[in-house]
Amino acid sequence: MEKNLLKLLEDDARLSTEQLSVMLDTPKNEIEKKLSELEANGTILGYKAMIDWEKTDREYVTAMIDVKLSPQRDRGFDKIAEKIFNYPEVQAVYLMSGAYDLSVLIEGKTMKEVAYFVAQKLAPIESIISTATHFVLHKYKDKGVVYGYSEVDERGNCN
Amino acid sequence: MIDYSKVLSEVVVNTEKSGIRKFFDLLENMHDVVALTVGQPDFVTPWHIREAGIESLEKGKTFYTSNSGTLELREEINNYLTRRFNISYNPKNEIIVTVGGSEAIDIALRSVIAPGDEVIIPTPCFVCYAPLVRIAGGVPVIIETKLKDKFKLTAEDLRAAITPKTKMLVLPYPNNPTGAIMTKEELEEIAKVLRDTNIVILSDEIYAEMTYGMKHTSIASLEGMHERTIIASGFSKSYSMTGWRLGYICAPEPLCEQMLKIHQYAIMCSPTTSQLAAIEALKNGDDDVKMMVEEYNRRRRLIHKGLTDIGLECFEPQGAFYIYPYIGGFGLTSEEFCNRLLYEFKCAIVPGTAFGADGEGFARISYAYSTKHITQALERIAAFVETLKKEQGLK
Chain A
1 MEKNLLKLLE DDARLSTEQL SVMLDTPKNE IEKKLSELEA NGTILGYKAM IDWEKTDREY
61 VTAMIDVKLS PQRDRGFDKI AEKIFNYPEV QAVYLMSGAY DLSVLIEGKT MKEVAYFVAQ
121 KLAPIESIIS TATHFVLHKY KDKGVVYGYS EVDERGNCN
Chain B
1001 MIDYSKVLSE VVVNTEKSGI RKFFDLLENM HDVVALTVGQ PDFVTPWHIR EAGIESLEKG
1061 KTFYTSNSGT LELREEINNY LTRRFNISYN PKNEIIVTVG GSEAIDIALR SVIAPGDEVI
1121 IPTPCFVCYA PLVRIAGGVP VIIETKLKDK FKLTAEDLRA AITPKTKMLV LPYPNNPTGA
1181 IMTKEELEEI AKVLRDTNIV ILSDEIYAEM TYGMKHTSIA SLEGMHERTI IASGFSKSYS
1241 MTGWRLGYIC APEPLCEQML KIHQYAIMCS PTTSQLAAIE ALKNGDDDVK MMVEEYNRRR
1301 RLIHKGLTDI GLECFEPQGA FYIYPYIGGF GLTSEEFCNR LLYEFKCAIV PGTAFGADGE
1361 GFARISYAYS TKHITQALER IAAFVETLKK EQGLK
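Respectively, the protein sequence lines represent chains A and B. One point on numbering: in this note's numbering, the residue at position 116 of the first sequence is 116, and numbering is uninterrupted. One point on numbering: in this note's numbering, the residue at position 99 of the second sequence is 1099, and numbering is uninterrupted.
Please keep in mind that the hints were generated in silico from the structure rather than gathered at the bench. Treat the hints loosely; a few may be bogus.
[To be verified] Here's a subset of chain A near chain B, in silico, CB distances under 7 Å, partners left out:
1) V22
2) M23
3) N157
[Said to hold, decoys possible] Under the rule of at most 25 Å between Cα atoms (straight-line distance), these lysine to any residue pairs were calculated in the SDA-like manner:
4) B/K1290 with A/L15
5) B/K1372 with A/L35
6) B/K1372 with A/I129
7) A/K7 with B/E1010
8) B/K1165 with B/E1010
9) A/K143 with B/D1042
10) B/K1346 with A/G156
11) B/K1305 with A/E18
[To be verified] DEER-style ranges, computed between Cβ atoms:
12) B/T1387 with A/S16: 21 to 31 Å
13) B/E1313 with A/M96: 54 to 64 Å
14) B/N1284 with A/S16: 33 to 43 Å
15) A/E30 with B/G1243: 23 to 33 Å
16) B/E1313 with A/T62: 47 to 57 Å
17) A/D153 with B/E1058: 25 to 35 Å
18) A/D153 with B/R1083: 26 to 36 Å
19) A/S16 with B/V1033: 21 to 31 Å
20) B/E1344 with A/S16: 35 to 45 Å
21) A/R14 with B/E1313: 43 to 53 Å
22) B/V1293 with A/R58: 40 to 50 Å
23) B/K1283 with A/E37: 32 to 42 Å
24) B/D1032 with A/Y147: 23 to 33 Å
25) A/K143 with B/V1033: 23 to 33 Å
We treat Cβ as the ideally placed atom computed from N, Cα and C, and that holds for glycine.
So that you can see chain A by itself, here it is in the shape it has in the complex (with noise of 0.2 Å):
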């Protein structure tokens, strides 16, 4: 039931525990005890719309920084890792194998803004040995939602 709520959930966090205890066959209580579990353990972390911005007339860029660290002696990069994500315009840090250590997604108003915040901010952090920044030009698809595309029904009425 847990992996089959999350799903449903993940793919619209708007459905009511009353639309999910129908579509789990699960009582409503059982429902509810299990969203509290699950938003308690930090399993669901939130809830949140998917918005595609470039339909409003908010500027902003979005880049993605390839990172490489050297390792701090004893904390390996989780350090580094939290110095980073605790500023607000990050969006995402994954740690990476290959060719860099950590993947950056920083969101900004403008190309300005985000150059300034990699030789300001990011660049002068100890143990970062370089950065690479790569502006996101259009985003086609994110989290599994098909940007830019409104779905239409183009079925025909046949049977």
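Since the structure of chain A is already known, use the hints to place chain B on it.
Leaving out everything else, chain B in the frame of chain A:
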């Protein structure tokens, strides 16, 4: 000037336009309608299957296949039927790949029916059987199944309908539009009636994958039934491949031999691209089917609860992706109910009468739609039912 009335075949001219079609014509020019009318899955064909179709084109696989379809596909169909339903057919001469389940039904009927032969059809059912029987020169004999029997065919009714002219029984389960299924035990009762006769069964198993709570049983798997059963099935519903127009027929060799003649002369062979995509579907599509069926099941529960809460008496469907509520309690015919729901509340469902005269008092609702869409439609139906209750109170 040409006189068309002298040109056209009488039997075709007298064939009634499908009731479903008439209702769909009303929909054509309307906007902002929340429809629950469509009889096909809302999932796009899984990408790996589409990719196999694309790859076949890239590699230039653009020629006819053999009349009965590529041997590899027929072998995979047999593997699939054995794996899923414990029935087996010789891929060489007992399987024909057809243009959808529809062609499968047509050639099955045409290969068996001689003028005046009776074909027993339980209703409500999909719209094609009776017209195709008539066009083949046969006589449809209708058995009206009942809500109290959960819309299943009973041995008693079947026995009463059989005459010396009975040639065939159409067995449309899992059922469109009611969502009824037949269990192994119930099929055994039907088998008992047919075992010592010369009656052939046309088992339309297009919705075989869409059962909830129990697995589909094919009547062909019961003792003595294999020799008299023609299975019509296809890829449209289970693999969400409606537009590919691909189905198949399985039957003993003496039957297939004759059906293949009609298929050969009328169709030649099914589309090659679709056949090659279908091989991929059968080889690697089990998980897709499982995922889609789980999703239909969740929607089924949601819509059943929703309609019941609205106060409509509603048989809980166990198969296909339709629900068939009773809407007869408001002094309106099914058609009046559906028309008012459409014009006043912009929600479309199909009157039960489209599926047989016994559909009066019922409507077919498809749940091959997103939960969001279903929820929106339920709100409109609820508002309509409220209006009807108020109107009744005023009288």
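Hints versus structure:
For A/V22, the interface hint holds, since its Cβ comes within 7 Å of a Cβ in chain B; the closest pair sits about 5 Å apart. A hinted interface residue such as A/M23 counts as satisfied when its beta carbon comes closer than 7 Å to some beta carbon of chain B; here the least separation is about 4 Å, so the hint holds. With a cut of 7 Å, the hint placing A/N157 at the interface with chain B holds, because the nearest CB-to-CB distance is about 4 Å. For the given pair, B/K1290 sits about 22 Å from A/L15 by alpha-carbon distance, which is consistent with the 25 Å threshold.
Of the pairs offered as hints, the one joining B/K1372 and A/L35 holds, with about 21 Å between alpha carbons and a cut-off of 25 Å not exceeded. Restraint check: the Cα-Cα separation between B/K1372 and A/I129 comes to about 49 Å, which exceeds 25 Å; the hinted pair is violated. Straight-line distance between C-alpha atoms of A/K7 and B/E1010 comes to about 56 Å, which puts the hinted pair past the 25 Å bound. With a C-alpha separation of about 23 Å, the suggested pair B/K1165 and B/E1010 falls inside the 25 Å cut-off, and the hint holds.
The hinted pair formed by A/K143 and B/D1042 meets the criterion: a straight-line CA distance of about 21 Å does not exceed 25 Å. The straight-line distance between the Cα atoms of B/K1346 and A/G156 is roughly 18 Å, inside the 25 Å bound, and the hint therefore holds. The hinted pair formed by B/K1305 and A/E18 meets the criterion: a straight-line CA distance of about 11 Å does not exceed 25 Å. Between B/T1387 and A/S16 the beta carbon distance is about 25 Å. The supplied range of 21 to 31 Å therefore holds.
Checked against the given bound of 54 to 64 Å, the beta carbons of B/E1313 and A/M96, roughly 58 Å apart, stay inside it. As the Cβ distance of B/N1284 to A/S16 is approximately 36 Å, the hint placing it in 33 to 43 Å holds. Between A/E30 and B/G1243 the C-beta distance comes to about 41 Å, which lies outside the given range of 23 to 33 Å. Range check, B/E1313 to A/T62: about 54 Å between beta-carbon atoms, so the 47 to 57 Å window is met.
Checked against the hint of 25 to 35 Å, the C-beta distance between A/D153 and B/E1058 comes to roughly 29 Å, which is consistent with it. For the pair A/D153 and B/R1083, the supplied restraint of 26 to 36 Å holds, since their beta-carbon distance comes to about 33 Å. Remark: the range hint 21 to 31 Å for A/S16 to B/V1033 is upheld by a beta-carbon distance near 25 Å. In this structure, B/E1344 and A/S16 break the distance hint of 35 to 45 Å, their C-beta atoms being roughly 27 Å apart.
A beta carbon spacing of about 30 Å between A/R14 and B/E1313 contradicts the range 43 to 53 Å that was offered as a hint. Checking the proposed 40 to 50 Å range against B/V1293 and A/R58 shows it holds: the Cβ atoms sit about 41 Å from each other. In this structure the hint that B/K1283 and A/E37 lie 32 to 42 Å apart at CB holds, the actual value being about 40 Å. Here the CB-CB span from B/D1032 to A/Y147 is close to 25 Å, well matched to the stated 23 to 33 Å.
Under the hint 23 to 33 Å, the C-beta atoms of A/K143 and B/V1033, about 31 Å apart, fit the expected range.
Going through the hint list in order, the structure does not satisfy hints 6, 7, 15, 20 and 21.
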